[in-house]
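Chains U and H supply the protein sequences, listed in that same order.
The first sequence begins at 1 in the working numbering and counts up by one.
The second sequence begins at 1 in the working numbering and counts up by one.
Treat the hints as calculated values from the structure; they're not laboratory data.
Please read all numbers here as calculations on a predicted model, not as lab measurements.
Cβ atoms here follow ideal geometry from the backbone N, Cα and C, with glycine treated the same way.
Any given hint could be a false lead.
Claimed, not checked - SDA-like cross-link-like pairs, simulated, lysine to any residue; straight-line CA separation at most 20 Å: (1) H/120 / U/73; (2) H/120 / U/76; (3) U/52 / H/45; (4) H/124 / U/76; (5) H/120 / U/61; (6) H/120 / U/29; (7) U/52 / H/48; (8) H/120 / H/58; (9) H/120 / U/65; (10) U/52 / H/52; (11) U/52 / H/40; (12) U/52 / H/223; (13) U/52 / H/207; (14) U/52 / H/228; (15) U/52 / H/165; (16) H/120 / H/207; (17) H/120 / U/64; (18) U/52 / H/44; (19) U/52 / H/38; (20) U/52 / H/117; (21) H/120 / U/54.
As the list claims (entries may be wrong) - If you want the footprint, here are the derived chain H segments under chain U, 3+ residues with CB under 8 Å: (22) 32-38; (23) 43-49; (24) 64-75; (25) 80-87; (26) 209-223.
Stated by the list, open to error - Sample of chain U residues lacking proximity to chain H, with all beta carbon distances greater than 10 Å (derived): (27) 26; (28) 42; (29) 114; (30) 115; (31) 117.
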Amino acid sequence: MGLPHRHLWLALALCAAGCASRPARPAGVQAGRRADEAEARTEAMSAELRQKQAALQQSFAELARAEAAAGLSGFSCAGATPASTPAPGLPRSGAPHLSFTFRQQAYQVPVNFSSPRSSGGWRIAPANCEVRPR
Amino acid sequence: MSPLPTRHVALSALLCVAVLGCALDPATRLRYAQQEQQRIAREMEGVDRQLQAQQAYLESLRNPGQAPRSFSMYYSPAALEQLASRLMPIRMPAREFHPQASGTIIIERLYDIRFVGPSKLTCKLFMRGENVGYTGSVPSSYAGQIRMFQQGVAAGVDVDLDVQLTLEGTTLGARAQATDTRLRANRGSRGESMLQSEMNKRALRASLLFDLNIPGSPLPPRHVVVTPNNLVVTYMQ
Numbered sequence: 001m002g003l004p005h006r007h008l009w010l011a012l013a014l015c016a017a018g019c020a021s022r023p024a025r026p027a028g029v030q031a032g033r034r035a036d037e038a039e040a041r042t043e044a045m046s047a048e049l050r051q052k053q054a055a056l057q058q059s060f061a062e063l064a065r066a067e068a069a070a071g072l073s074g075f076s077c078a079g080a081t082p083a084s085t086p087a088p089g090l091p092r093s094g095a096p097h098l099s100f101t102f103r104q105q106a107y108q109v110p111v112n113f114s115s116p117r118s119s120g121g122w123r124i125a126p127a128n129c130e131v132r133p134r
Numbered sequence: 001m002s003p004l005p006t007r008h009v010a011l012s013a014l015l016c017v018a019v020l021g022c023a024l025d026p027a028t029r030l031r032y033a034q035q036e037q038q039r040i041a042r043e044m045e046g047v048d049r050q051l052q053a054q055q056a057y058l059e060s061l062r063n064p065g066q067a068p069r070s071f072s073m074y075y076s077p078a079a080l081e082q083l084a085s086r087l088m089p090i091r092m093p094a095r096e097f098h099p100q101a102s103g104t105i106i107i108e109r110l111y112d113i114r115f116v117g118p119s120k121l122t123c124k125l126f127m128r129g130e131n132v133g134y135t136g137s138v139p140s141s142y143a144g145q146i147r148m149f150q151q152g153v154a155a156g157v158d159v160d161l162d163v164q165l166t167l168e169g170t171t172l173g174a175r176a177q178a179t180d181t182r183l184r185a186n187r188g189s190r191g192e193s194m195l196q197s198e199m200n201k202r203a204l205r206a207s208l209l210f211d212l213n214i215p216g217s218p219l220p221p222r223h224v225v226v227t228p229n230n231l232v233v234t235y236m237q
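Working from the sequences, and respecting the hints, build out all of it.
Structure representation (C-alpha cells):
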C-alpha cells in the first residue's frame with residue numbers, strides 16, 4: 001500500500017505547512033490565547049458538572065437507607081409530615097395533588113388519606129391516589 | 001486520481017482539522033467554547049437544585065425533629081403504575097408513530113416502573129397495532145417485508161422507556177424516550193429501529209407536564225426528590 005501512504009504523508013505535510021505558515025500577528029495571538037482560556041474554562045466546568053452528578057448518584061443510594069430507617073418506605077401512596085413541626089392544613093383528603101393534560105383531556109389525581117400513624121419522628125398517613133378526568 | 005488515495009487525502013485533511021485545530025480560527029473556537037459553557041451552566045443549575053433538594057431531604061430524614069414545617073407526598077413505583085393503568089388502553093392514530101402509517105396503535109399497559117437515578121425512571125410499555133397499514137408507495141420487492149412488519153405490530157410490541165424528570169417552578173416534566181423496541185412476532189432489527197426512532201420523534205416528542213400545586217394548600221411544592229423507593233414531592237414555604 002505504498003501509494004496511499006505517500007498521499008497520506010503528503011496531505012499531513014501540507015496541513016502542517018499551512019498551519020505553520022500562518023502569520024502570528026499580535027491580535028491573532030491574543031485571540032488564540034482567549035480561545036485557549038475559554039476552552040480550559042469549559043473543561044473545568046465539565047469536570048465540576050461530572051463531579052456534582054456523581055455526588056447526586058451517591059446520595060440517591062443513601063436515600064433508600066435513610067427512608068427505610070425512618071419508616072418511609074414500603075407503601076404505595078402516602079403523605080408524611082414531621083411530628084414536631086406538622087404542616088398546617090395538610091394532608092388535605094380529596095384535594096387533587098397532581099393535575100395534567102394528556103391527549104387533550106385534563107386529569108386530576110385526588111388523594112384520600114387514612115388516619116396517620118407515628119414512625120420515628122414522622123406522622124405518616126397512608127393514602128389512596130386515583131386518576132380522574134377533570 | 002484513483003479513489004483510494006483520494007479517500008486518504010480527505011482523511012488526512014480531517015485529521016489535520018481535528019488534531020491540529022488549524023482550520024478553526026480563534027474567534028470560532030471562542031464562540032464554540034462560550035456556547036458550550038452556557039449549556040453546561042444551564043445543566044449545572046438543574047444539578048445544583050437537585051443536590052440542594054436531595055441534601056435537604058436527607059437532612060430531614062436524619063433529624064426529623066429539626067425538619068422545617070413541611071409536608072411530603074410519596075408516590076411509589078406501584079402507585080405510579082396504578083395511576084397509569086387508569087389511563088389505559090390508550091388508542092392513538094398510527095400516523096402519530098409514522099407519517100405514512102394508517103390504522104390505530106393501542107397502548108395496553110405500562111409496567112415495571114423503577115427509579116434508577118436522581119431524576120430518572122425506567123418502565124416498560126406494551127402496545128399493539130389494529131388495522132395498521134402503510135400508505136406510501138412500496139416497491140413490490142419490499143411488499144413482503146412491510147406485510148411481515150404489519151403482522152409483527154399487530155401481534156404486539158414491547159418497548160423499554162427511559163423517563164427523565166425535570167422540575168420547572170411547580171411543574172414536573174416527564175420526557176420519555178424508547179431505548180429498546182421488540183416485536184412479538186416477525187422480529188427484524190430494521191423495522192424495530194425505524195419504529196423506535198419514529199416513535200421518539202413523534203409520539204414521545206413532548207414531555208408530560210404535571211402541576212404539583214394542591215388547591216387550597218398554604219404550602220407550595222418546593223422540592224421533588226427521586227429515591228430508589230419513592231418519588232417525593234415536598235411542600236414547604
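Now for the hints, and whether the structure bears them out:
1. For the hint linking residue 120 of chain H to residue 73 of chain U, the alpha-carbon distance of about 19 Å falls within 20 Å, and the restraint holds.
2. Straight-line distance between C-alpha atoms of residue 120 of chain H and residue 76 of chain U comes to about 19 Å, which keeps the hinted pair within the 20 Å bound.
3. Between residue 52 of chain U and residue 45 of chain H the CA atoms are separated by roughly 11 Å; this keeps the pair inside 20 Å, and the hint holds.
4. With a CA separation close to 19 Å, the supplied pair residue 124 of chain H and residue 76 of chain U stays within the 20 Å bound.
5. Between the alpha carbons of residue 120 of chain H and residue 61 of chain U the distance comes to roughly 13 Å, so the proposed pair stays at or under 20 Å and holds.
6. Taking the CA atoms of residue 120 of chain H and residue 29 of chain U, the gap is about 45 Å. The hint is violated against a cut of 20 Å.
7. At roughly 8 Å between alpha-carbon atoms, residue 52 of chain U and residue 48 of chain H fall within 20 Å of each other, so this suggested pair holds.
8. Using a Cα cut-off of 20 Å, the hinted pair residue 120 of chain H and residue 58 of chain H holds, with the two alpha carbons roughly 18 Å apart.
9. For the suggested pair residue 120 of chain H and residue 65 of chain U, the alpha carbons sit about 19 Å apart, so the restraint of at most 20 Å is met.
10. As the CA atoms of residue 52 of chain U and residue 52 of chain H are separated by approximately 11 Å, the hinted pair is consistent with the 20 Å bound.
11. The straight-line distance between the Cα atoms of residue 52 of chain U and residue 40 of chain H is roughly 12 Å, inside the 20 Å bound, and the hint therefore holds.
12. Note on residue 52 of chain U and residue 223 of chain H: the hinted pairing holds, with a Cα-Cα distance of about 18 Å set against a maximum of 20 Å.
13. Distance check on the hinted pair: residue 52 of chain U and residue 207 of chain H sit about 25 Å apart at the alpha-carbon level, beyond 20 Å; violated.
14. Restraint check for residue 52 of chain U and residue 228 of chain H: satisfied, since their Cα atoms lie roughly 19 Å apart, inside the 20 Å limit.
15. Restraint check for residue 52 of chain U and residue 165 of chain H: the C-alpha separation of about 17 Å stays at or below 20 Å, so the hint holds.
16. For the suggested pair residue 120 of chain H and residue 207 of chain H, the alpha carbons sit about 14 Å apart, so the restraint of at most 20 Å is met.
17. Using a Cα cut-off of 20 Å, the hinted pair residue 120 of chain H and residue 64 of chain U holds, with the two alpha carbons roughly 15 Å apart.
18. Distance hint between residue 52 of chain U and residue 44 of chain H is fulfilled; the C-alpha atoms sit about 8 Å from each other, no more than 20 Å.
19. With a CA separation close to 17 Å, the supplied pair residue 52 of chain U and residue 38 of chain H stays within the 20 Å bound.
20. Using a Cα cut-off of 20 Å, the hinted pair residue 52 of chain U and residue 117 of chain H holds, with the two alpha carbons roughly 13 Å apart.
21. Annotation: proposed proximity of residue 120 of chain H to residue 54 of chain U holds, straight-line Cα distance about 14 Å (limit 20 Å).
22. Given a C-beta distance limit of less than 8 Å, the hint that chain U covers the region 32-38 of chain H holds, as 4 residues qualify and 3 suffice.
23. Counting residues of the region 43-49 of chain H whose C-beta lies closer than 8 Å to any C-beta of chain U gives 4; at least three are required, and the coverage claim holds.
24. Here the region 64-75 of chain H counts 11 residues with a CB under 8 Å from a CB of chain U, which clears the bar of 3, and the coverage holds.
25. A stretch counts as covered by a chain when three or more of its residues have a beta carbon under 8 Å from one of that chain; for the region 80-87 of chain H and chain U the count is 4, and the coverage holds.
26. Proximity of the region 209-223 of chain H to chain U, defined as three or more residues with a beta carbon under 8 Å from a beta carbon of that chain, is established by the 11 residues found.
27. Here residue 26 of chain U stays apart from chain H, with its beta-carbon at least about 13 Å from theirs, past the 10 Å limit.
28. Non-interface status of residue 42 of chain U relative to chain H is broken: a Cβ of that chain comes within 10 Å, the nearest being about 5 Å off.
29. A cut-off of 10 Å between C-beta atoms confirms that residue 114 of chain U is not in contact with chain H; the least separation is 14 Å.
30. No Cβ of chain H comes within 10 Å of the Cβ of residue 115 of chain U; the nearest lies about 16 Å off, and the non-interface call holds.
31. Every C-beta of chain H lies more than 10 Å from that of residue 117 of chain U, the closest at about 14 Å, which supports listing it as non-interface.
Against the hints set out earlier in the document, violations occur for numbers 6, 13, 28.
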